[in-house]
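J.: Next come the chains, spelled out residue by residue.
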Amino acid sequence: MINTIYIEEEIAQHPRTLDIIKRFPDASRIACRRYGEVFNRKSQNFRLQKKNPALILAKKHKNLVLPTPKQYSLGAEYNYYFSHMLANHFV
Amino acid sequence: MIHLFCALSCEAEPIIQHFNLFKIKEFDLFRLYQSGDKNITLTITGVGKINAAAAVTFHHACLSTSPSDIWLNVGIAGHSSIPIGEVCLINKITDYQYGTTWYPQILFEIDCTSAALITHDAPSSQYQNSLFDMEASGFYQMALRLGTAELIHCLKIVSDNQQHSVENIKADHVKKLITKNKLKIVQLLNSLKPLAKELSRINTIPECYQTLIDEYHLTQSERIQLLRLLNQWSVRFPNDDIMCLVSNIKNGKSLQKKIKTKLIESDFSIYD
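These protein sequences, in sequence, are chains V and W. Under my numbering, the first residue of the first sequence is numbered 1, with each subsequent residue one higher. Under my numbering, the first residue of the second sequence is numbered 1, with each subsequent residue one higher.
Among the clues, some could well be false.
To be verified - Mimicking DSS-like on lysine-lysine, the simulated pairs with C-alpha atoms at most 25 Å apart in a straight line are: (1) 50(V) - 197(W); (2) 180(W) - 23(W); (3) 184(W) - 51(V); (4) 197(W) - 51(V); (5) 193(W) - 182(W); (6) 23(W) - 38(W); (7) 170(W) - 184(W); (8) 50(V) - 170(W); (9) 197(W) - 42(V); (10) 193(W) - 51(V); (11) 182(W) - 197(W); (12) 193(W) - 42(V).
What the hints assert, rightly or not - Incomplete in silico selection of chain V near chain W, CB under 8 Å: (13) 30; (14) 40; (15) 48; (16) 51; (17) 68; (18) 71; (19) 73.
Hint data in this document are derived by calculation from the structure and do not stem from the laboratory. Even for Gly, the Cβ is constructed at its ideal location relative to N, Cα and C.
With the sequences and hints as input, model every part of the structure.
T.: Following this line, the structure appears as structure tokens:
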């Protein structure tokens, strides 16, 4: 269960943000400027963090898709890819 | 170990009494206290974030600290509407002067309010919707360099608000507020102890490592690889003794090969 939700101020009133936080009525909500202030900071311990993961709602500003290197293309003229690594809960 | 920090004597006294701490006489730049078993220490930092940061550094220099230690700043704070005497665990610290923000990681459940706090350079009676104090940013910033984020926290007890201004705060009143809430402090420390224990376990070199490097001839690089394999082993097979697996191994290379093979051949899932 999610106990803490960090929300970027810029998207605090975004309909999708409101929709997501409605699903966690008991979670404490903490406003942040950018998700980088919270996520993967120095001195954090990954294994302890995994004991009680928090949800971060953030806006992805650019590089929504990235150009695919030539050797990995599917043969079309323009090829792009995206990574799920950081984008599981991006609004 | 548990490291406690209070700005004022009146904040520290009830804690010193509760944990039966005694003063360490050889250090006099800041007042340092310690329990008989040396597991709990307390430093009186003085008022202000610079004093708080300096006290954390001094505390670290005088007493040996480790990344699996618990660091806790206990003190009083003001708020516009939270009633006096309410205990708040801080989930966001903002330095008013520089605008820098930190987010203490609360990985446990605790029976008290969780709130944001702003650290000011001087007492203020312009109450806001955030708590405010004068030490937390200095304490947290410095403790973060020495400890682990999940084990560093600030616990504040509301001492003044719009109805009862900061000018009316007396030492006796502060002492009463801390005394009344000392069980909350103990409760918080008890919630942090399992995390500290877990971290200490993660950072500990497995017992069999020394036995194995004494028994087998290994280069420095092979020792590093062996330590990595032993750590993997302790995660994958916490109840199995590795010494049983490697009892008949003749040399260092075969030792690593045997452990690697066992790790690779065993089924593994990241889900419970």
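J.: Work down the list of hints and note, for each, if the structure agrees.
T.: Okay, the hints, checked on the actual structure:
For the hint pairing residue 50(V) with residue 197(W), the CA-to-CA distance comes to about 15 Å; that is within 25 Å, so the pair holds. Between residue 180(W) and residue 23(W) the CA atoms are separated by roughly 23 Å; this keeps the pair inside 25 Å, and the hint holds. Straight-line distance between C-alpha atoms of residue 184(W) and residue 51(V) comes to about 22 Å, which keeps the hinted pair within the 25 Å bound. Only pairs whose Cα atoms come within 25 Å are accepted, and residue 197(W) paired with residue 51(V) is accepted, the gap being roughly 14 Å.
Pair hint residue 193(W) plus residue 182(W) holds up; C-alpha atoms about 17 Å apart against a cutoff of 25 Å. Using a Cα cut-off of 25 Å, the hinted pair residue 23(W) and residue 38(W) holds, with the two alpha carbons roughly 12 Å apart. A C-alpha spacing of about 22 Å is found between residue 170(W) and residue 184(W), which places the hinted pair at or below 25 Å, so the restraint holds. Under the criterion of a C-alpha separation no larger than 25 Å, the hint pairing residue 50(V) with residue 170(W) is inconsistent with the structure, at around 43 Å.
Restraint check for residue 197(W) and residue 42(V): the C-alpha separation of about 20 Å stays at or below 25 Å, so the hint holds. For the hint pairing residue 193(W) with residue 51(V), the CA-to-CA distance comes to about 14 Å; that is within 25 Å, so the pair holds. Our distance criterion of 25 Å between C-alpha atoms is met by residue 182(W) and residue 197(W), whose separation comes to about 23 Å. With a CA separation close to 21 Å, the supplied pair residue 193(W) and residue 42(V) stays within the 25 Å bound.
Hint status for residue 30(V): holds, given a least beta-carbon distance of 5 Å to chain W, under 8 Å. Evaluation of the residue 40(V) hint against chain W yields a violated restraint, the C-beta minimum of about 11 Å exceeding 8 Å. The interface hint given for residue 48(V) holds, since its Cβ lies 4 Å from the closest Cβ of chain W, which is under the 8 Å cut-off. Annotation: residue 51(V) was flagged as interfacial toward chain W, and the flag holds, the nearest CB pair being 6 Å apart, inside 8 Å.
The interface hint given for residue 68(V) is broken, as the beta carbon of that residue sits about 28 Å from the closest beta carbon of chain W, more than 8 Å. Hint status for residue 71(V) relative to chain W: violated, with the closest Cβ pair at about 30 Å, above 8 Å. The beta carbon of residue 73(V) comes no nearer than 32 Å to any beta carbon in chain W, farther than 8 Å, and the hint placing it at the interface is violated.
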